[in-house]
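Peer 1: Letter by letter, the chains look like this.
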Amino acid sequence: MKTARVIFEAGSHKWIALVRDPNRPEYLIDTNEYLVVDGDDAILLDPGGSEIFPAVFSALSAEFDPRKIDKLFASHQDPDIISSLSLWREFNPRIKCYVSWLWTSFVPHFGGDQETFVALPDGGADIMVGSQRLQAVPAHYLHSSGNFNLYDPKARILFSGDIGAALLPPDETSLFVEDFDRHIRHAEGFHRRWMGSDKAKRDWCARVSQLDIDMLCPQHGAIYRGEQVKRFIDWFAQLEVGVVKA
Amino acid sequence: MTTVSTRDTGRELRRIVHINEEIKSVVATAFKINLMAMNAIFLAKRAGQTALGFGVLSNELRRFATDLQKQMSQLREMTYGSVATVTALVKQARLSGVLDRTRRESDGLSRQLIEELMRTRHNQAYARHREQIATLKRRLGQMIADTAQLVELGSLLARSAKIEAAYGGSYSAALMQVSSDFERTIGEIQRSLESLTKQQEDPS
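Here the protein sequences line up with chains A and B, keeping their order. Take 1 as the starting number for the first sequence in our numbering and just add one per residue. Take 1 as the starting number for the second sequence in our numbering and just add one per residue.
It cannot be assumed that every hint is accurate.
Computed list of lysine-lysine pairs in DSS-like fashion (alpha-carbon distance at most 30 Å, straight line) [stated by the list, open to error]:
1. A:Lys199 / A:Lys68
2. B:Lys91 / A:Lys96
3. B:Lys91 / A:Lys68
4. B:Lys32 / B:Lys137
5. A:Lys245 / A:Lys230
6. B:Lys70 / A:Lys71
7. A:Lys154 / A:Lys14
8. B:Lys24 / B:Lys70
9. B:Lys70 / B:Lys198
Since the hints were made in silico from the structure, they are not lab data.
Using the sequences and the hints, build the whole thing.
Peer 2: Laid out in C-alpha cells, this is it:
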C-alpha cells in the first residue's frame, strides 16, 4: 500500500501526497498522486494507472472519504496518469476529469463519457476546489503536446507532472529531495529524452519563475522545496532537451 | 464475495473466435458449391434431354448455396454482436479483479465501500452481461440448428442428383463425378456445423 503524507496544511486546506508503494511490481513505473483538499471538496491530481488503483485508493481512504472526490486532474493522457479513470467513476459516475482539450476524445478510451471531461484550453484555466481557486498552468510539449501543471497560490505548491520527475533507485525512498546535485542525476536522462521542445521548456521556465512556489511536486520521484525549486528551474532552463542520447 | 473470472470471459472470446473461423470456412464452401452448381447447370444443358432432372437439381443446389451464404452472413452478424457483449464482460471482469485486489488491501471504511460497490452495481452489471451472453448463445444455437436443417436439404439434393446422374446416358460418368463432388462438399459443411454445435454446447 502507498503512504499518505500531508505535505501542506492550513486550516481545512491540505495537500496529501500518496507515495512509495513497497509492494509495487518492478515493471510498473513508480508514481506520486496528490490530493488537494479544501473543506469537504477535493481534487485528485494524476490519479494513476488502473494497476496501482488498489494502493492509491487504500492510502487515500485513510485521509479522505473517497466518495467525496468529484474532480480529477490529468496533466496529460498517459496510462500511468489516468487509466484508473473508469475505476474512480465506479465510485462517482458524475466525477469530472480536467484535461487538455487535445485529449478529451482520447482519454475516454480509459473510461468516461462526454459528461465526464472538462476541456482545458491551451492558455489554461482556473479550477475551483472548495473556496480555493487553483490554476491550470500550460506546460505543453513537456512532455505531452497537451500538458498542464496545477498551481495552488494558497499553498504555493506547483504540481508539475513529469517536469522535475526523477527515476530513483529503489533504495532512495525519501519524499523530499535531500541532496539536489545527487538527485538531479536521476532526473537528467529523463528530461533530455522526454521533454521534446527547447522553446516550450524556456517558455515554461519563464512562466513558472513568475509564480511564488514553495514546493514543486512531480509525478515521479521526490519533491523539491524552497531554494531547490529555483535551482531546478535554472537547471532545466539550461538543459539540452529533445535528444536521444546525452 | 463474488468476483468475475477473467478465465471465463477469455474462454467466451476464444469460443467466438472459433465460431467465426467455422463460419468463414462454411461461407467459402458455400461459394464453392455455387460455382459447382453453375458448372453442373452448363453440363446438364450440354447433356440435353437425358439430364433434365439433373439440371433442375443443379438449379436447386445453386439456390441452396445462396440461401446458405445468407444464413451464414446472419450468423456472422450475430457473432459480431457477441464480441461486443463479451468485450463488455471482459472489461467488467478486469474492473472486478482490480476492485477485489483493492478490497483485500483495504480496511475500515474503504473496505466497506468496495464491498458495497461489488455487492450492488458491479455484480448486477456482471449478471446482466452474463444474461445477455446466455441469450445470444441461445439465438446462435437456434440459428445453427436452422442452418443444419438447410444443409440437410442440400445433402438430399446432392443424393438425388447422384440418382439422376445414372440416367445421364453418355454424360452419366461426368454427371456422377459432379454429384459426388456436391455430396462430399456438403459433407464438409455438415462437419463444420457439427463442430459449431459442439462449441455451443461444450462449456469448457
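Peer 1: Which of the numbered hints are not met once you compare them with the structure shown?
Peer 2: Result: hints 1 and 6 break, sorted rising.
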